[in-house]
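Based on the provided sequences and hints, a complete structural model is requested.
Chains as they are written, first to last, in the numbering used here: chain U, 17 to 376; chain P, 17 to 376; chain Z, 17 to 376; chain L, 17 to 376.
Simulated from the structure, these hints should not be mistaken for lab results. Any given hint could be a false lead.
Because identical chains cannot be distinguished in the list, a pair is counted as satisfied if it fits within a single copy or across any two copies.
[Claimed, not checked] Under the rule of at most 35 Å between Cα atoms (straight-line distance), these lysine-lysine pairs were calculated in the DSBU-like manner:
id : residue 1 : residue 2
1  : Lys274    : Lys217
2  : Lys231    : Lys163
3  : Lys231    : Lys213
4  : Lys274    : Lys340
5  : Lys163    : Lys274
6  : Lys340    : Lys114
7  : Lys274    : Lys213
8  : Lys213    : Lys163
9  : Lys231    : Lys23
Protein chains: 4
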Amino acid sequence: MTSSFGKLFRTTTFGESHGPAVGVIVDGCPPRLPIDLALIQRDIDRRRTGQSRLVSQRKESDQVELLSGVFEGQTTGTPIAMVFPNKDQRPKAYDHLKDLYRPSHADYTYDAKYGFRDYRGGGRSSARETTSRVASAAIARQLLTQKATIEVLGWVSQIHTIESTMTADEVTFDAVEAHPTRCPDPAVAPQMEAAVKQASKDGDSLGGVVTVVAKGVPAGLGAPVFDRIEADLAKAMLSLPASKGFEVGSGFAGTKMKGSEHNDPFVPGESGPQTTSNYSGGVQGGISNGQDIVCRVAFKPTATIASAQQTVTTDGQTTSLAAKGRHDPCVLPRAVPVVEAMMLLVLADHWLLQRTVNID
Amino acid sequence: MTSSFGKLFRTTTFGESHGPAVGVIVDGCPPRLPIDLALIQRDIDRRRTGQSRLVSQRKESDQVELLSGVFEGQTTGTPIAMVFPNKDQRPKAYDHLKDLYRPSHADYTYDAKYGFRDYRGGGRSSARETTSRVASAAIARQLLTQKATIEVLGWVSQIHTIESTMTADEVTFDAVEAHPTRCPDPAVAPQMEAAVKQASKDGDSLGGVVTVVAKGVPAGLGAPVFDRIEADLAKAMLSLPASKGFEVGSGFAGTKMKGSEHNDPFVPGESGPQTTSNYSGGVQGGISNGQDIVCRVAFKPTATIASAQQTVTTDGQTTSLAAKGRHDPCVLPRAVPVVEAMMLLVLADHWLLQRTVNID
Amino acid sequence: MTSSFGKLFRTTTFGESHGPAVGVIVDGCPPRLPIDLALIQRDIDRRRTGQSRLVSQRKESDQVELLSGVFEGQTTGTPIAMVFPNKDQRPKAYDHLKDLYRPSHADYTYDAKYGFRDYRGGGRSSARETTSRVASAAIARQLLTQKATIEVLGWVSQIHTIESTMTADEVTFDAVEAHPTRCPDPAVAPQMEAAVKQASKDGDSLGGVVTVVAKGVPAGLGAPVFDRIEADLAKAMLSLPASKGFEVGSGFAGTKMKGSEHNDPFVPGESGPQTTSNYSGGVQGGISNGQDIVCRVAFKPTATIASAQQTVTTDGQTTSLAAKGRHDPCVLPRAVPVVEAMMLLVLADHWLLQRTVNID
Amino acid sequence: MTSSFGKLFRTTTFGESHGPAVGVIVDGCPPRLPIDLALIQRDIDRRRTGQSRLVSQRKESDQVELLSGVFEGQTTGTPIAMVFPNKDQRPKAYDHLKDLYRPSHADYTYDAKYGFRDYRGGGRSSARETTSRVASAAIARQLLTQKATIEVLGWVSQIHTIESTMTADEVTFDAVEAHPTRCPDPAVAPQMEAAVKQASKDGDSLGGVVTVVAKGVPAGLGAPVFDRIEADLAKAMLSLPASKGFEVGSGFAGTKMKGSEHNDPFVPGESGPQTTSNYSGGVQGGISNGQDIVCRVAFKPTATIASAQQTVTTDGQTTSLAAKGRHDPCVLPRAVPVVEAMMLLVLADHWLLQRTVNID
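Written out as structure tokens, the structure reads:
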């Protein structure tokens, strides 16, 4: 139950970072969708470790193995299973963590929940699990591109205190991919890169914000009550490791505006009403209004740092920990494809759901 | 599907603000729980219109009618149905809205989704629907108080640009209820009240932030992947009308901290490890760690304002609208019990789920 | 969780037979469906007590109260709530049952499950709960008639040892409704009626079989694995009080045929392949093939009988019970609209689901 | 959605018979359950092809590959993934089926549903998919044995017209496994074997009945309305390939009894009331009563036969088909572990659910 996401386009993941493999079953993808495996691999590679000096140097080849659900290049309408064997496991590297609780990690909470813990690399709450989400979402992306006109694009808009002011209209996929920070803004990306390198050198870590936009979403996706599209997006984003906050449209800044400033005036448009501003972030009353859906996701600084920290052992003694091993000084660059993935999964689900509403 | 919330403690709501009634079915509440109807009514009354000059003057008696699931003062384990007849309906007051789309309301998106709209008062996306959620959560509150030690308390921590710096440890239920703003902070509550009254006089509206805390949550509630407790809380909060953002623990502010500052050091405690700070907000890896769970929810300024605004008619002509009728210049005071409700529903669900994990 | 049925066309019921009301929320019905309340009432009335001397004489007016989800005669796409106040309650009539367990009733199992029991009339397992199902299904029927070409018709094909050999092609709605047994076969209906009256006189009860057929189901509804259409039908039927068996197509009789006899030969038809026999009962591999879907449901003899029976008290003493009050000597006549209801709910769900599969 | 089964103990399967692999994710199994891989393999082997001359000669090694969810011999509480590579694929053997519809197979219905078909061996509706179910259920079996006292045992009670009259109390696992028919009754098993061999020689096939019993089920599992335990069992069984009917307790035979005969009298027992007969089949009002839960499942004769049959091509021409290849003349012997599997999955789910009901 707790390892599945989505109602109609349904993603179920499995696997720990240091077991034999991680993987995913995608259930509910419509049949006869041509699948480009290279596009799946592209998003997997964007999430991979070892891409640059800014991220973890763990070497995962992450080559997708497709086990079912695609026949002669098209989806069959049945479950699509994809597996990613874990190649560069070093479980021994975690032996020194067996008997203590890393601060702000899931070690203690795992023990509290399960009475038992796979201490090798974070178990299910490891970022490695998100490989499976990205693979599923790469199918969703192909569905939404081929059968609808929906495009999803994310980028790093803030690292530590360094913020970009670029808007959705100014950002391109190529510009995002061109810089190792995945910040497309030449005015601040180099500063971000320098800050991450400095933090790494200091045995410290940085957080930041990913902004993500969906363009071409038809008006009418969502629901007025619990399954508001922004509610499902919020759940999607807060289900990511290290995330601490979510905003749609004006977000927290909007709380300091007045209604007369914040309301988005309607004007006639070619295919229905348009708005002259987008403080709503593309959703009104839980349902898309045809404007860009814009969200921001807050990520805390990585919990694993090389500096010494105070903590306790599993039997309740005070101790000190300085992390060894290969970790990300800043998850933001690798978080971009994962944030995109979660938005794609939500949109695919609501796009399918809407087909059960429009019945003429 | 889209009108239900929760997996084990399941809330299903129905009803429009201007139909005969709104109501709720609560399914999955364990049997033999003594139910105090006065406590349900207390939370309903906190959410009601007409409590003060700061909120809508619509007069709803909102007397709960219990139709099933309680026998001789205790839950039976079967569905608990509660109905709230709509008493002060004035559907005619909405006739002037029939042929236009109110800015930043769900009017246009409803038409886009359903091809059809009950134009009387916002339909399902009306705040009136939240009465049902509060009633369900009042059952959850009694479950979590009687069978566990969990207490949930919310308050208004910001209206427009006026912010309170009070922390969870300083706030009491009585202090929250003592002021019509539901801000317990005597240093800023009067300013907030004045700001709301001024906005009302100006035909304008204000937004703000509700902070909510759960105390006494045992370590171990939640899940490491999609159903992280903060993910379910994020969905819960973003499913509320007018909400635009969610934070747990350090939230967006935490993105500007370094790992060495943000990590919560563990120290030995009486019933397991404690932390000396709580930037995590009581959750690590999606699972509660026994510290207070602290969340903040952003609400935009109310979309309905008396000032004239530009908009379009349903047939695509430009027009102008100045809202008449009874509306809230600021939803924050009434949002407090609703935010508490959503947190209670999430915690009840996870508390029950955890009983299927601990099986010795 | 346990009081809901269906994934997309979702029925959630509440209420005990001797509380204030029973009722239902129908969620997921598409918008803009014209609703004829008289057709809902028709099916409710077919299920009602007091229709003839063959069934219980409890007098329920069962007038449907529509609380939400229909506006200006059409569905809005939001939850449709319907309530049936319990009018002819006689809870005192059950006082003598408070301290004992009726044989083959849910009394003991309720206590075992909930540790607590509403002893008035069977609680949720009372046949009265099926009123809510019939109301929901009456909406489904209008959906399937207006937007598709699906017709569902049930009849009593066996009471005790008296069996009708009429086939689906020979049965009409009017013939079913013309006889108090709801057996349309003039060759056996009078014998059935006499047998029920004799059983009633003897303080005994009879069981039997309802046959139900869906005509006009398009090929392609269902799923190949867990959610086979016959699997969902089986669950639907076995969720009815007093049901003990389910067959689709050849059922148990088919186990005594050889493959060469049982296989349904394909021949070319106007809108795709047709079969010259229908041992499959309209489903192959879990998916409809365009032929009639034919099912049979076994109902045991009513557990409540006036004759003395051996049983035990709640504190474990041997005792004897002879039921008083108003009960059905044979549930079959009233079971017909309920069996139809469950088939309609399954078909509505799968019909909506199929819209998420065909995406061109 | 349609490839998952269970709410709390959740099984999701993937894979076609002629793709690279089939497999399963088991989500919701409690942590710290010691897992004996040999017991999983035992049930897999019981379901395997090639065990005797009575079943298909396709050679699958079916060695379970465990990819996640078990650490140091115990479940971790996270998803358990198991994969079975398809070794003895002969997709070319199906080329002659590409352009026609086999009678009483899912070929035509697949095309009707998906507009597209993997013609190699039945796709998802192939019996090979049930390997995944048996693997998941082998985990459930260990849960129910170690943490509860529940034992599930199935056997072949009928093939074609040859019936065994052995009752649950007379059957042992060893006796079932001792004969290639999986009928433990020495009085009829040899006749069954001879009948299957003769059918095979004749190019024909036979159906039959599997009886399954759960012993040691505590009273109180189930629910009074939609999720009755017999309803979930019915769905479970009718989700199996080739199944056409389901009975619990007296089933269809019970419809010919009178209430005074059919009611199960209560007598005092050591741990609560016992019944002196078990026409109820261990369930009353949808909830287990502590007696044996006894079900019967009808399987049609295998659709694939070597004799020539009339059918149509995919473009609507009349043709004739005589199946080649390796198929079962009678699925009954291999159906036994699969029927057990479905009962185990239902019981595990309800056993976990009941932990959310009893909350003292």
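For each hint, the structure was consulted:
no. : hint               : in the structure
1   : Lys274 with Lys217 : between (45 Å within a copy, 13 Å between copies)
2   : Lys231 with Lys163 : both (14 Å within a copy, 32 Å between copies)
3   : Lys231 with Lys213 : within (33 Å within a copy, 39 Å between copies)
4   : Lys274 with Lys340 : between (50 Å within a copy, 18 Å between copies)
5   : Lys163 with Lys274 : neither (39 Å within a copy, 43 Å between copies)
6   : Lys340 with Lys114 : within (14 Å within a copy, 57 Å between copies)
7   : Lys274 with Lys213 : between (41 Å within a copy, 13 Å between copies)
8   : Lys213 with Lys163 : neither (42 Å within a copy, 50 Å between copies)
9   : Lys231 with Lys23  : both (23 Å within a copy, 29 Å between copies)
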